[in-house]
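Line order of the protein sequences matches chains A and B.
Residue numbers are given in my numbering: position 67 of the first sequence equals residue 67, and the series is strictly consecutive.
Residue numbers are given in my numbering: position 79 of the second sequence equals residue 79, and the series is strictly consecutive.
Worth flagging that the hints you see were computed from the coordinates, not collected in a lab.
Any given hint could be a false lead.
Said to hold, decoys possible - Under the rule of at most 20 Å between Cα atoms (straight-line distance), these lysine to aspartate or glutamate pairs were calculated in the EDC-like manner:
(1) B:K116 - B:E97
(2) B:K116 - B:E105
(3) A:K15 - B:D93
(4) B:K50 - B:E97
(5) A:K15 - B:E33
(6) A:K77 - B:D79
(7) A:K78 - B:E80
(8) B:K106 - A:E123
(9) A:K77 - B:E33
(10) B:K116 - B:E33
(11) A:K15 - A:D126
No experiment lies behind these values; they were computed from the predicted model shown.
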Amino acid sequence: MADKVCLQPCLGLRKESVLGRQALYVVHEDLRPETTVLGCGPALNANVQEDLDFIGLYPVIAVEACELDCATRLVGKKGKQVARTLRVTDLAQELAIDLASLPERHIPTEHPAVQALAKRIAEQVDALLAA
Amino acid sequence: MQEQDFKVALLPCNGIGRLVSTVVRQAGYRIRELRPDQVVLLSSGRLAVKDPEHFALFQKYPVLVIDGCRPHCASFMCDELGKTPAARIYVADVMAENKIAMAGEKRRGLSAKGEKLVAALTQKAVQEVDRIIADEMLSTL
Numbered sequence: 001m002a003d004k005v006c007l008q009p010c011l012g013l014r015k016e017s018v019l020g021r022q023a024l025y026v027v028h029e030d031l032r033p034e035t036t037v038l039g040c041g042p043a044l045n046a047n048v049q050e051d052l053d054f055i056g057l058y059p060v061i062a063v064e065a066c067e068l069d070c071a072t073r074l075v076g077k078k079g080k081q082v083a084r085t086l087r088v089t090d091l092a093q094e095l096a097i098d099l100a101s102l103p104e105r106h107i108p109t110e111h112p113a114v115q116a117l118a119k120r121i122a123e124q125v126d127a128l129l130a131a
Numbered sequence: 001m002q003e004q005d006f007k008v009a010l011l012p013c014n015g016i017g018r019l020v021s022t023v024v025r026q027a028g029y030r031i032r033e034l035r036p037d038q039v040v041l042l043s044s045g046r047l048a049v050k051d052p053e054h055f056a057l058f059q060k061y062p063v064l065v066i067d068g069c070r071p072h073c074a075s076f077m078c079d080e081l082g083k084t085p086a087a088r089i090y091v092a093d094v095m096a097e098n099k100i101a102m103a104g105e106k107r108r109g110l111s112a113k114g115e116k117l118v119a120a121l122t123q124k125a126v127q128e129v130d131r132i133i134a135d136e137m138l139s140t141l
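So here's chain B without its partners, still in its complex pose (with noise of 0.2 Å):
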C-alpha cells in the first residue's frame, strides 16, 4: 500500500516592513516547531523567484498562508503562481478576535504584547494545519 503523505506548506509573508512582519515570522516557526511533521515552511523570498525547490513543495501541497498587512503579499504570490490557497490567516483579524492592540511593539523585537499575538496566531494556524489535513485524509476515503 502506498504511503500517504499529508502536509501543509506554510506560506508567511515574511515581510519586513512592519511590525506585524515579525509577529508572522516568528508565528511561522513555531507552527513548524508544534507539527513538524505536517508542516513545510516556505520562504516567500525563494517562491517569490520560482526557486524549483520551493515551487515543487507549492504545487505539491495543500497551502495554508499567513498575510500580515493589506497588501495580502503571500495570497498575491498564490494567486501569481496560479494556486488557490486551502486557507488564508490574516493577522489583523486575529488581532480583532483576540482583542490585542500592539501600540507600543517594535518590529525588530517583540515585547509581551507581540508574544501573544504570535501565538494567538500560531494557535488559529494549527487549528488551520489540522482541519486542512483532516480534510485530505478524508478526500482519500
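If we strip away everything but chain A, and leave its shape as in the complex, we get (with noise of 0.2 Å):
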C-alpha cells in the first residue's frame, strides 16, 4: 500500500489553476507534507527523475482547472494512469467558492478559498491512502 500521493496540478494560466496550485502549496506544505509530494508537470514533460519518480511510485491525484484534463494526459503520456482526477471547477462549486470574486493572476494562501479547497483536496488525498 502507498504511504504517499503525488498531487500534479495542471499549471494553466486561468485563475481556476491558481486556486489549486495555492491550494497544493497548503496541503503539501502545511496539511499533509508527510504523505504528499508535489508534481512538477513541465519537470515530468521533460523526464526529470525526482517527477518520474513520483509518478512511479506513488498513486496520483491530478488537480485540473477545466476539461482540458491536461495533468491527467501528461501523466497518461507518461505510461501511467492517475487515480483520481479532480476539477477545481467542481470543487469549487461543491463548496460555494464565487470564482468570480477571486483575483486572476496571485490568491494568497491565506484566503478562504485557497484554505476551503486544499482541505478538500487532503480528504481525497487520505481517502486514497486508506483505500
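Could you use the hints to bring the two separately framed chains together as a complex?
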C-alpha cells in the first residue's frame, strides 16, 4: 500500500489553475507534508527523474482547472494512469466558492477559498491512502 | 496589402516545485500586461499535451522561452515540439546579472525581494520581445 500521494496540478494560466496551485502548496506544506509529494508538470514532461519517480512510486491525484485535463493527460503521456482526477471547478461548486470574485494572477494561501479547497483535497489524499 | 501579425509566443515554464516557478509565472503575466498586443502567453501544461489551439500559436509565432530552473523544462518542450526558440532566458542568469538573492522567499507568495526579481525578469523579457519583433519586421523588408 502506498504511503504517499503525488499531487499533479495542471499549472495553466487561468484563475482556477492559480487557485488549485495555491491549494496544493497548502496541502503539501501545511496539511499533509508527510503523505504528499508535489509533481511539477513541465519537469515531468522533461523527464526529470524525481518527477518520473513520483508518478512511478505513488498514486497520482491530478488537480485540473478545466475540461482539457492536461495534468491527467501528461501522466498518461508518461505511461501511467492517475488514480483520481479532481477538477477545481467542480470542487469550487461543491464548496460554494465564488470563482468570479477571486483575483486572476495570485491568491494568497490564507484566502478562505484556498484553505477550503486545500482541506477538500487533503481529504481526497486521506481517502486514497486508506483505500 | 496584407496586414502583418507581429507577435511573440511567450513560453514560461510555469512549474510549481521551486521558488523560481512562482517568479516565472508572475513575470509571464506582467510581460503580457506590458505588451498586450505583441505577446501571446502560452501554457506549458497545454503545450505539453499538444493542445491544438496552443500548438498552433506555438507554431505560428517566434517563441521566447523562460526557464526557471536547471532542467530547462520550457526549452525541452520547444525541442520536443521541433522548434528552436527565438530567445531563451534563464532565471538564474537574471538573478546573477542583477545581484538578487532569494534567500527567505517562499514559493507560495513573493515578498519585495521576489518582486524585484519578477521586475528584472520582466524587463529583460520585454527587451527580448521588442528585439524579436524588430527582427521579424526587418526580415519582411
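Comparing the hints with the structure gives:
1. B:K116 - B:E97: 13 Å, holds
2. B:K116 - B:E105: Holds. K116 of chain B to E105 of chain B sits at ~11 Å (cutoff 20 Å).
3. A:K15 - B:D93: At roughly 29 Å apart (the allowed maximum being 20 Å), D93 of chain B and K15 of chain A break the hint.
4. B:K50 - B:E97: 34 Å, violated
5. A:K15 - B:E33: Measuring from Cα to Cα gives roughly 16 Å; hence the hint holds.
6. A:K77 - B:D79: Status holds; Cα separation ~17 Å.
7. A:K78 - B:E80: The given pair, whose Cα atoms are some 14 Å apart, holds under the 20 Å limit.
8. B:K106 - A:E123: It is violated: about 25 Å lies between the C-alpha atoms, which goes past 20 Å.
9. A:K77 - B:E33: 33 Å, violated
10. B:K116 - B:E33: 17 Å, holds
11. A:K15 - A:D126: 26 Å, violated
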